[in-house]
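Enquirer: Residue-level listing of the chains:
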Amino acid sequence: MAVRAEQAGRSTRAARRRLSAAFWRRPWLRGLTQLGPPAGIFLAVYIAAIAVLFVSAFWTLDPLSGEIVHDWGFQNFKTLWEEHVYWRIAGRTIGIAAAVTVTDIILAFPFAYFMARLASPRLRTVLFVLVLLPLWSSYLARIYAWRLILSSDGALNWGLGGLGLPHQHIAYTNWAMWIVFSYIWLPFMILPVYAALERIPDSVIEASRDLGARNRTTFRRVILPLALPGVVAGSIFTFSLTLGDYITPILVGNTQFIGNVVYRNVLGLSYDLPFAAAYAMVPLAVMGIYLILARRAGAFEAL
Amino acid sequence: MTKQYRRALGWSAMALVVGALAFVAAGCGGGGGSNASETTTEGPSLPTSIGKGEGKLSLVAWEGYTQPEWVKPFEKATGCKVTSKYAGSSDEMVTLMRQGGSQYDMVSASGDASVRLIKGGDVQAMNPKLIPDFPNFIDALKSPSHNTIDGVHYGISLQWGPNTLLYNTQKVKPAPTSWSTLYNSKYKGQITIPDNPIQIADAALYLSKTKPDLGITDPYELNQKQFDAAVNLLKQQRPLLKKHWSLASDEIDLFKNGDATLGASWPYQTNTLAADKVPVKDLIPKEGATGWADTWMLSSKSKHPNCAYLWTKWVSTPKVQAQQAIYFGETPANTKACAIMDQLSAGSCKQYHADAPASYFDSIKFWKTPLADCGNGKTDCMDYNQWQQAWTEIKG
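Protein chains in written order, with the numbering used here: chain A, 1 to 303; chain B, 1 to 396.
The shape of chain A in the complex, shown without the other chains (with noise of 0.2 Å):
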C-alpha cells in the first residue's frame, strides 16, 4: 500500500515536472491553454450564434406545415428588397439611431470635458456618480418614467401649463423615441469621451497655446482629434444599442423599429425565423459599414 502511494506520488510529480518544462520549452502552448477557454467561448456562443442567423437567413418557411426547409435560396430578402415596408422600418430605425448618437455627443462633450479638464477631483466623483446612477436602475423603470412625464396629462404638460405655455402632443411619436433613446444612452457617450479627454496630456495643449493657437484652435486642432476615438467609441455604443432596441418602440412610440419586425416574427403564428433572421442582417451589415466608416477615420489606431 504504502509504497503504491509513494509511487503514485512520484509519478505525478514527474508528470508536473514534465508539463511544466513543455511549458517552458515551447511558449505558445502557454498562451493557447490561457486564451483557449475565452476563445473557445467566444467562438461557441458569439460566432457560432451569428453564423447560424447567417445560415438561416437563407432558408424558407413552408407555409403549409409551418416548417423550416433548409433549402438555400435569397426569397427573404428578395421580400424585404420589394415590399416598401421594411425600407421604411429600416430607414426610420437607423435615422433615429443616428439622431440619437449626434444627439448624444452634443450632450455628452462639454458634459465630458468639463468633467475630465475642469472639476475638482471631489466634483469629478460626484458626476460620475451621478452619470452612472440612472444605469443603477431598471431600463424599464426608465422608460415607463419618460411615458409619465410625457404623456398628456403628465408631469411635462403640468409643467408647461403652470408657466402658461400650450401642451405637447409628443407622446408616443418619433419624438418621444429620440428623447428616451437620447437619454438612456447617454452614459455610454460620456463614458468613453470622458476617458479619451482625460488622457490628453496637459503639455500638449500648453505646447499648442505656446505656438500662438487661440483656445478655438487648440479646441479644434489638439483636443478635438485626440478625443475622436472617444467619440467614435461613444457612437458605437450608442448607434448599436438604438438600432437593436425593440422595447423602447413598443412603450414610447407608435411605430415599428427593425427588432418589432424582428420579434413578431419569432414570436408570431407564421414562426418565421429564417425571415427575421434575414431582417436581423441589415442592422448587423449596418453596424458593419459603420466600423468600417470608423476604421478608414483612423478612429482606431488612436485606440
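What follows is a set of in silico ranges between Cβ atoms, one per label pair, in the way DEER data are often shown:
(1) A:H84 x B:Q67: 42 to 48 Å
(2) B:Q103 x A:E67: 21 to 27 Å
(3) B:A372 x A:G288: 38 to 44 Å
(4) A:A39 x B:P73: 52 to 58 Å
(5) A:G288 x B:K52: 56 to 62 Å
(6) A:Q75 x B:D355: 50 to 56 Å
(7) A:A141 x B:P73: 29 to 35 Å
(8) B:K378 x A:I105: 54 to 60 Å
(9) A:R142 x B:Q67: 25 to 31 Å
(10) B:T177 x A:H84: 33 to 39 Å
The hints are simulated quantities; they were obtained by calculation from the structure and are not laboratory data.
Predicted model only: the values in this text are computed from it and were never measured.
Backbone N, C-alpha and C define an ideal beta-carbon position, used for all residues, glycine too.
Using the hints, position chain B against chain A.
Expert: Structure of chain B alone, referenced to chain A:
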C-alpha cells in the same frame, strides 16, 4: 404494481395516444398510420378521476383571468401553487405553448388560437365528465367547434364576450353609436386599437355593414378583394392612431393619462378604468361586434395534469365564474353563475348578458383562425399568414 406506477403508466399511455393523434393530424401518416387510426375511432383514453394535486400549476392567461380573489382560495384548497404569465395576443399564447415545452400546463385560449393549438398537437384532450359544472354550461359552449373536434373535447369552455368600443365620456361628444367613430379624422391622435392582426376582422365587420356590395358575410373569411378593402380602411385609420396597444394595461394607461379618448377594447379595461374614476363608457356599436370565447386547454406536455383538472373544475364553479365575469366584464359559460353575479353586484347578470337568449351569442362574430378554406367550397380566402403580413404593412 403500485398505484403510483399504474398512474404513471396510464399517463404515458395517454401521452402516446395524443402523440399518435398529433402524428395523424400533421399528416405524416406513414407506417404507423393504420395503427393510429384505430385509436382515433376509439377516442383518446381520458382520465376517469382526478388524482392528488402535484403542488404546482403554471398558466398562460389573458390579463385579469388569474386574480388573487379566486386563485388564493384555490391554492389553499388544493395545494396547487399557481404561477401565471399574461399574454397580449392569441399569437403570443400559441408561441408560448409551442416553445414553452412542459413549462406551461394550461392556456386560456380564444377561438383563434384553440384550433391552431389542437392542430399543432400542443394541447391534449380533456374529460368533461370530471367537471361537475359542465352540464350547467350554455349549450353553445358545451361542444363548440373551436375546442371540440369529432366529439373530442380539447379543453373546457370558460367565458365569452364582445370586443367593445371604449370612449371617454367627457371628451367624446356626442356619444358614439358606430364603429365609424374609430375611422373619423375628427379624433386624430386620440384613437387606440389592439396590436393584433385579428383586428382586420373588425374592419371587415364594419365594411360588411357599410359596403354591402363587397359581399362580406364572415369577417374571418375574406377573399382578396374584401381583404384589400379592410386593409385599406385600416391604412387610412393608421395616421389617426395614438398607438397600438399590446397589453390591456397599455390601453388603461393611455386612457388614464389622457393620451387616448377612443379605442377598440375589452370590457375589462372599462371596468378597471371606471374603478379608477376615469369617465369612460363602452358599447357594442350598431354594426355588431367581434368577440372571444375562451377555453382552458391542457398542454400535451403538462407535468401537473391533476392540478390542471382541479383548476378547470374550480373556475367552472358558479362562484368563480361569477367573480371572473364581473371582474373582467364578460359572460360566464355556466348558467348557474347568474344568481351569484347578482348577489355580488346587483344587476350584473343582465349587464354582462349572462341571462341573454342564445340569439345574443349568435350575434357576435367570435374570433377564429382565418384559413384559406372559406368554408363554402372555395379556397381563395386569405390565410392567417397573409393577415400577419398585411398587419406589418398597416403598422408601417
